[in-house]
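First residue of the sequence shown? That's 0 in numbering that gives the first Met the number 0, and the numbers climb one at a time after it.
Calculated directly from the structure, the hints in this document are not laboratory data.
Fair warning: there could be bad hints in the mix.
To be verified - List time: in silico DSBU-like cross-link candidates among lysine-lysine, alpha-carbon distance up to 35 Å: (1) 35 with 684; (2) 35 with 233; (3) 233 with 110; (4) 110 with 6; (5) 5 with 296; (6) 431 with 6; (7) 175 with 233; (8) 6 with 296; (9) 35 with 5; (10) 431 with 5; (11) 6 with 35; (12) 233 with 168; (13) 296 with 175.
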Amino acid sequence: MSEAEKKTLADLEWEQVEQAVAERCHGPLRDRLALKLGETFEDTERALAESKEAWQLLDRGEALPLEGITHIEPSLRHLEREGVLDGLALRDIRSSLRGAAALRRFLGQRKAMVPFLDRACSVDPTLDGLEDEIGMSIGDDGSVLDSASVEMAHLREEVANLRGRIVRKLEELIQKRSAILQDSFYTTREGRYVLPVRADAHERFHGIVHGSSASGATIFVEPRELVERGNRLKMAQAELDREERRILAAVCDLVRQYVPQLRAAAEALDHADLRAASAKLALDLGARFMELCEAPKISLRGARHPLLVLGGVDVIANDVDLAGGEALVISGPNAGGKTVALKMLGLAALMTRAGLPFPADEGSVCGFFSPVHAAVGDEQSLARSLSTFSAHLVTLSSILEQAGERVLVLLDELAGATDPETGAALACAIVKNLVDAGAAVAVTTHYEALKAVAAERDDMRNAAVGFDFENMAPTFRMTMGVPGGSNALEIARRYGIPGDVVEEARRILPEHSRNFETLVAKLESATQAALQEQEGLELERAQLGKTRAKLDLRREALDAREARGLSQEAMRLVDKVRQVQRKLDAAKKALREDASAEAVTSAEVATREGGEVLGKLDAERLALEPEPIETADLDSETLRVGDRVWVQRLRSVAEVVEAATRGRVRVSAGMMKLWVDVSDLRGLKQATATAATKAPETAVSGERPAARRAIRTGDNTLDVRGLRADDAVAMAEAFLDQMYGAAEPCAFILHGVGSGALRDAIHEHLSRDNTYVEGFRAATQEEGGPQVTVVSLK
């Protein structure tokens with residue numbers, strides 16, 4: 000990376016962007032992330048596609064499996080140098096192999112959904128066997144397993160037995176010789192078991208001295224009777240250590256054969272980790288992945304500086320447009336957001352090249368820019384004996400040499416650290432040269448001359464960061480097409496400069512400068528008023544849109560209710576039929592269990608009541624007329640289960656669900672099932688029957704038990720993913736009104752998983768809605784899982 004590129008990244012605070020991504024990584028990238036910028040348009044396009052796929056997975060509640068991945072590159076380099084790894088390093092390699100296998104399976108199962116990630120994070124399937132091989136010798140704690148070899152198990156048993164005999168003898172000596180011991184414990188020195196003997200009594204304790212305490216009061220002595228046993232233990236332990244080293248070397252010889260595949264697998268895991276972190280950053284920023292366009296331009300809608308958003312700052316969103324062969328001259332008061340806007344443009348270009356999200360509204364696009372040049376802040380170099388202005392000129396010289404198409408140039412206070420008149424002339428010449436070379440240029444300035452040039456040329460535009468004269472404070476809102484005033488005198492007054500000093504400065508100011516400041520102030524005031532009026536109109540338009548959508552949904556609901564051809568009176572009678580139906584079912588059950596006279600009488604009463612209620616369901620009681628249905632004569636001999644017929648009493652199409660018995664058939668109409676006379680049925684002409692088959696049945700009862708389940712379809716599901724919370728709630732309210740009017744028992748709202756903010760807003764609204772909502776719950780996995788909420792309607 001060149002010094003110019005390093006300076007650009009430093010000026011734009013790129014390190015903070017890298018830190019934000021690293022904090023969202025799971026594996027070793029948390030400590031060593033260096034974001035790679037796409038070197039070509041195709042690289043950038045691929046990176047964005049991969050990150051978008053990771054975001055889509057996260058939104059569905061399917062995060063990439065990245066647990067347990069470790070940094071194994073140092074171990075791989077050690078293996079390439081014929082080195083032998085310890086058990087912990089081999090354990091880490093096995094852990095990464097396990098993670099790589101999980102990632103390969105996960106992506107393979109979703110290959111059609113995430114083709115770019117699947118290609119970018121490819122893992123060699125032959126590594127599955129290597130994980131098993133390592134696992135046969137190395138445990139999860141990094142130790143060599145007893146099962147690694149027959150000799151290993153035997154040696155460990157021998158060492159354990161020898162150590163056990165020594166310990167038992169030590170405990171016996173502690174009991175017998177406690178009078179001359181400093182304490183009742185044993186320890187090891189130089190790999191030998193010793194007892195803490197008092198210095199004044201060590202001559203009475205025979206053995207080999209292996210050291211003393213710092214105070215000299217304690218002598219550590221290996222008892223004479225344990226010397227031989229200690230020797231045998233040392234020899235057995237040496238044998239065990241040799242066997243462990245042999246096994247580790249054998250495992251390393253095997254792993255060494257797979258170093259290229261292991262390195263590729265580790266890179267795949269890191270790549271997946273980076274894309275997953277990018278997706279998480281999108282959720283945390285409330286950002287999106289901008290569309291990459293082929294033209295060298297940046298068009299931002301509702302853009303916010305990402306680092307300010309991450310810092311929790313309440314950022315004013317702005318629209319900014321800049322293209323190759325154009326210049327944007329940003330002016331306005333100090334501390335008004337000029338430099339923030341400049342850096343925001345640079346970060347938009349760089350974050351797009353890195354495949355990262357950017358906090359901007361839908362419709363924002365960004366082209367591929369390389370290189371990106373920035374000159375922001377004090378460029379003084381003490382080491383090179385350069386003043387601020389001299390260092391600035393060195394930077395500008397380098398930028399002018401590299402200017403061309405697809406070059407983005409960001410210049411803060413261009414030529415500002417010198418004589419104003421000369422600096423303004425130099426600034427105008429430099430910007431013209433860069434624009435003529437095809438670069439996209441954004442520059443902040445206080446120079447009136449540069450603002451004037453921008454107003455005159457078609458390939459240059461002014462932009463102003465606003466100033467609120469009423470509150471004497473910058474607004475941080477950027478307005479395209481107008482220059483901004485520095486407002487230095489008003490700001491000076493605000494910060495305590497005496498009024499007479501400010502007025503004296505105003506008198507000294509050349510007349511043309513005073514006139515310019517006055518003109519800019521008027522423009523800013525007029526622009527601010529126009530913006531406020533525009534915001535009011537947009538708010539009113541949005542409100543009208545919501546109202547219109549609500550009315551459209553209500554009209555559709557009324558149309559659906561009318562199309563069913565059932566009045567409220569008919570619906571009430573149908574409810575009564577259902578109550579009688581339950582009585583009939585109970586009577587039938589009683590007859591099956593108890594054929595007594597009392598039970599028979601009860602069944603007769605229930606049957607009679609049912610007949611009376613059904614008798615009321617005639618055409619005179621139905622207030623709403625359905626669309627005319629073309630019917631035909633019906634041959635009862637050919638009537639079969641599944642046939643669709645016209646029930647004259649109900650004035651409705653129904654389906655035969657039980658065959659004719661003594662001149663009656665059982666039909667299903669909506670949520671009703673009842674027995675009707677065959678004579679009350681008419682056949683349907685072919686066109687009508689086909690239409691009736693395709694038309695969805697609609698519930699005719701207002702009864703909606705909370706526990707009732709419904710099948711999720713496109714008609715009863717509202718997708719609010721990607722909407723702002725307010726818009727989603729408004730759409731949900733109108734949708735539930737439609738579903739309620741259509742007598743649907745349930746409605747489904749698809750809000751995605753994401754950060755949970757959209758789901759919480761929907762749930763909060765549902766908990767307050769007493770008009771339609773009887774209850775709501777998270778969908779089961781079959782119904783769509785946590786990204787869906789099921790609403791039971793009254």
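Going through the hints against the structure:
About 69 Å separates the Cα atoms of residue 35 and residue 684, which puts this hinted pair outside 35 Å; it is violated. For the proposed pair residue 35 and residue 233, the alpha carbon gap of about 54 Å is over 35 Å, so the pair is violated. A distance of roughly 57 Å separates the Cα atoms of residue 233 and residue 110; the hinted pair therefore is violated under the 35 Å criterion. For the hint pairing residue 110 with residue 6, the CA-to-CA distance comes to about 41 Å; that exceeds 35 Å, so the pair is violated.
Under the criterion of a C-alpha separation no larger than 35 Å, the hint pairing residue 5 with residue 296 is consistent with the structure, at around 23 Å. Using a Cα cut-off of 35 Å, the hinted pair residue 431 and residue 6 holds, with the two alpha carbons roughly 23 Å apart. Proximity of residue 175 to residue 233 is assessed by CA-CA distance (about 26 Å); at most 35 Å being required, the pair is judged to hold. At roughly 23 Å between alpha-carbon atoms, residue 6 and residue 296 fall within 35 Å of each other, so this suggested pair holds.
Under the criterion of a C-alpha separation no larger than 35 Å, the hint pairing residue 35 with residue 5 is consistent with the structure, at around 13 Å. Restraint check for residue 431 and residue 5: satisfied, since their Cα atoms lie roughly 26 Å apart, inside the 35 Å limit. A hinted pair counts as satisfied when its Cα atoms are at most 35 Å apart, and residue 6 with residue 35 qualifies at roughly 16 Å. Taking the CA atoms of residue 233 and residue 168, the gap is about 17 Å. The hint holds against a cut of 35 Å.
With a CA separation close to 90 Å, the supplied pair residue 296 and residue 175 exceeds the 35 Å bound.
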